[in-house]
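Peer 1: Put chain B on the given structure of chain A with help from the hints.
So you can see what is in the structure, the chains are spelled out below.
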Amino acid sequence: DAGVIQSPRHEVTEMGQEVTLRCKPISGHDYLFWYRQTMMRGLELLIYFNNNVPIDDSGMPEDRFSAKMPNASFSTLKIQPSEPRDSAVYFCASSGLTYEQFFGPGTRLTVL
Amino acid sequence: EDQVTQSPEALRLQEGESSSLNCSYTVSGLRGLFWYRQDPGKGPEFLFTLYSAGEEKEKERLKATLTKKESFLHITAPKPEDSATYLCAVQAAGANNLFFGTGTRLTVIP
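As given, the protein sequences belong to chains A and B, one line each in that order.
Just so you know, we're using my numbering here: the first sequence kicks off at 1 and counts up by one.
Just so you know, we're using my numbering here: the second sequence kicks off at 1 and counts up by one.
Since the hints were made in silico from the structure, they are not lab data.
Note that the coordinates shown come from a computational prediction; the quantities given were computed from them, not determined experimentally.
Ideal Cβ placement from N, Cα and C applies to all residues, glycine included.
A portion of the hints provided could be inaccurate.
Said to hold, decoys possible - Computed footprint of chain A on chain B, listed as stretches where at least three residues anywhere in the stretch have a Cβ under 8 angstroms from a Cβ of chain A:
(1) 43–57
(2) 99–110
To be verified - Partial pick of chain A residues on the chain B-facing surface, computed with a CB cut under 7 angstroms:
(3) L43
(4) A72
(5) E100
Isolated chain A (complex conformation) (with noise of 0.2 angstroms):
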């Protein structure tokens, strides 16, 4: 099994741009999830899908945040527009008949 993919692995971009992280889950699991990890508050979670429905997004700081989950093999997250604050490394993870999450190896995001 080829794990979780995430792409791109690293995306610099500038303030106010728009910026879509991708996700490609372990086939067969039915749980994603969202994460941003950064120094200061260590790993949060964003927002989780079961079979391709959003069920929490509390985590998900503004509306400058959006994830989608069009089918069971693929899941974005936009952030438009893009503020310096938004840098950290971004993980997706997912998760089957156990409740183990496997994680991606993350997008890190730098916003300049």
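Peer 2: Here is chain B on its own, set in the frame of chain A:
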């Protein structure tokens, strides 16, 4: 509100010097407690899940234990390749998300 506190924040050990990492938690009914390892520039890697007080799990030089208020990750005779950040997370009963602590950064010196 769920809370997870890990200590120490950082730990330096000589190769072969055994020690323990602590994870104290407050959760409204525990479904599971999870340990992850994270190497620089990589995503967290799953190590263990513990479900009930008294449970223990082992993997190579690592052993995780659980009580009603805390979990310990014991590292026996560590090697430099054990250097990483170790994250603890809890999952409340009826929940699907994990709540993470801020981790313990372990450095094992040859």
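Peer 1: All the hints need checking, so say for each whether the structure fits it.
Peer 2: Structure-based check of each hint:
Three residues within the 8 angstroms Cβ limit are the bar, and the stretch 43–57 of chain B against chain A gives 5, so the coverage statement holds. Three residues within the 8 angstroms Cβ limit are the bar, and the stretch 99–110 of chain B against chain A gives 5, so the coverage statement holds. A distance limit of 7 angstroms between C-beta atoms decides the matter here; for A/L43 the minimum to chain B is near 4 angstroms, and the interface restraint holds. Because the closest C-beta pair between A/A72 and chain B is about 16 angstroms apart, greater than 7 angstroms, the hint is violated.
Hint status for A/E100 relative to chain B: holds, with the closest Cβ pair at about 5 angstroms, below 7 angstroms.
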